[in-house]
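Turn these sequences into a full structure, and let the hints guide you.
Number of protein chains: 2
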Amino acid sequence: MLAGADSFIKEITREAGDATLKRFGKDGVHYTKSERIWDVVTKADLLSEKILVSRIKKQYPRHGIISEESGSHNPGEEYVWVIDPIDGTLNFASGTPLYGVMVCLVHDSEVMLSAIHIPATGEFFFAKAGKGAYLNGKRIYCSSRKDVGKTFGTGSTSFSPRSTHFFGKLLKAGKGDQMMYGSFGSMANNACYTAAGRRDWMVALNGSIWDFAPVSLILKEAGCKITNMKGEPWKFGMLEMVAANPVLHRKLLVLTKDV
Amino acid sequence: MLAGADSFIKEITREAGDATLKRFGKDGVHYTKSERIWDVVTKADLLSEKILVSRIKKQYPRHGIISEESGSHNPGEEYVWVIDPIDGTLNFASGTPLYGVMVCLVHDSEVMLSAIHIPATGEFFFAKAGKGAYLNGKRIYCSSRKDVGKTFGTGSTSFSPRSTHFFGKLLKAGKGDQMMYGSFGSMANNACYTAAGRRDWMVALNGSIWDFAPVSLILKEAGCKITNMKGEPWKFGMLEMVAANPVLHRKLLVLTKDV
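Line by line, the protein sequences give chains Y and V.
Numbering that gives the first Met the number 0 puts the first residue of the first sequence at 0, with every later residue one more than the last.
Numbering that gives the first Met the number 0 puts the first residue of the second sequence at 0, with every later residue one more than the last.
No wet-lab data here; the hints were simulated from the structure.
Treat the hints loosely; a few may be bogus.
Given that identical chains are not distinguished, each listed pair holds provided it fits within a single copy or across any two copies.
[As the list claims (entries may be wrong)] Lysine-lysine pairs mimicking DSSO-like chemistry, simulated, CA-CA at most 30 Å apart:
no.	residue 1	residue 2
1	Lys32	Lys174
2	Lys256	Lys149
3	Lys234	Lys174
4	Lys130	Lys25
5	Lys145	Lys256
A quick note: this is a predicted structure, and the numbers were derived from the prediction, not measured.
And the structure:
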C-alpha cells in the first residue's frame, strides 16, 4: 500500500468535514440537479469537494479521482480516490445533523482505505483493508443478531420501483413481528451505524459509486458480509448492497434475491 | 398558567438530559420489559426519571406525575407532569446519538408546556401553548411542502399490524414517485425534526402517553395540524398522530383514515 496514505485520508476527510460543520445550519440549497427533492447541492458540498480534490491533486498528482459534484479525472488509473463531499445533502441543507463526508482509496478496483466523517455528531469512521473498522479510534463490529424477525434494519429512503418491491416483501415478512426499519436519510449514517452494530442490517438500492464505495470497506471490516441483491460478493462499481453478519445476511437474501 | 413553570421545565429537562449524556456510550441495556427488542431500560433511564420526579415532587408536591418507568402518581390532579426519561432507549443503548428526554405539563388535559432535550446533538426543543415552538431559543416552523408525492416523511419504526397497513398504502401511493420515508428510531427525533421542517410529515401509530403528549405541543406550536388517523383533533391520551402543515395533512388523511 501507499506509504502515508492512512494518515493522509484521515487528515483531509477531517479537514473537509470540519469545513462543512462551520456552514451547518447556515447553508440552504444552492442549486438542484433535477426535480427530485433529494438532488440538491449546497455551497458546503462544493467547498468540501474543493478541499478534498485540491489536497489529493497536490499529494498524488497522477492518481485518478471520482467525485460527486465535479465528475471524474483519470478514473482508469491504478489508484483512484472516490469522494462524496457531503452524503445526505438534504439532511445537511435542512439542519438535520446526519450527514457525512466520505472518501476512499481504490487500488486496482479494490477499496483499500476508507474514511467517513460525520461532523455534526463528532463521529469519525475509518477502515483499512484487512485491519478492521474504527469509530473515533475504537474498533467496531456489526450486530450479532441472527433472527431476522427481531432485527432493526436500515437502508433505502426513497420509493424507487425496486426499493418499493423490497419494502413490500419486508412488510409481508415482518408483519406483526418484532421487526423495525428506519433510514437516517444518509448512506453515511445508515452504513456506519450498521457497521457499529447500532442497526442490524442495511439493504440499499439507490445511490452512486461515491455512495457505495466508501461504506463498503467500513461494513466489511466491521464483520458484515456485503453482496448485491442476488448474494454475489459486492464489487467496486455495484450500485446496490445487502450488509449484515453472515448468518443474518443469508436470511435477508430470501427477501432480496428477486428484487 | 403556573408562574415560573417555563423556566422550571427547561431547567429540569436540561439537567436530566445532561445526566444521560454522561452515561451515553457507556450504558448498555439494564433490563428488558418484554421480549420485544425495543422494550429495554438502561440505568440512564432510571437516573433521568429519578432527577425529574424528585425535582417535580419537591417543587410541586400536589401535582400529578405520569412517567414511563415508575408509573403514575395522582394522575387525576389539575396539573400533571408527563415524563419520558429517555425516548429512543434502543438508540441510546446502542450508542446512536438520537434520543431525547421529554417532559410536558398538562393542565386539565391540555398540554401547556413541553421541553425535549436531545443531548447528544445539543438540541433543546421547547414550546408553550399559544407562544410558538423553539429550537435552542430560535423559533421553528413545520415544512411548507404541499405535494405529498414530493415529501420526506417520518414516523413509526416497528411493523405492528396497523403501521404495516399504513406502510402498504404509502408504498402504493409513493411507488415510482419522489417520496421518501425514514424513521430515526425515536419519537423525540421524528417529531422534533418534523416540527423544525427537516421532515415534511409524521405518522405515528405506536407509543404511550409519554411518547405522544410532549411532542404534541412542539408540533402544534410549529404550525402542524395534529390529529388521529381519522382526522379528529389530537387530544391528550390519544396514542396515534398525523402531523403536517394543514394542506399536506389533508392529503395524508387519505392514506390514514382507514388505518
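Results of checking the hints against the structure:
In this homomeric assembly, Lys32 and Lys174 come within 30 Å of each other (Cα to Cα) only across copies, at 21 Å, whereas the closest approach inside a single copy is 37 Å. Taking the shortest Cα distances, Lys256 and Lys149 sit within 30 Å of each other both inside one copy (20 Å) and across copies (29 Å). Taking CA atoms no more than 30 Å apart as the test, Lys234 paired with Lys174 passes between copies only; the shortest distance there is 28 Å, against 33 Å inside one copy. For the homomeric pair Lys130 and Lys25, the shortest alpha-carbon distance between copies (25 Å) is at most 30 Å, but the shortest distance inside one copy (38 Å) is not.
Proximity of Lys145 to Lys256 under the C-alpha cut-off of 30 Å is restricted to the intra-copy arrangement: shortest distance 19 Å within a copy versus 36 Å between copies.
In summary, the structure agrees with every hint in the numbered list given earlier.
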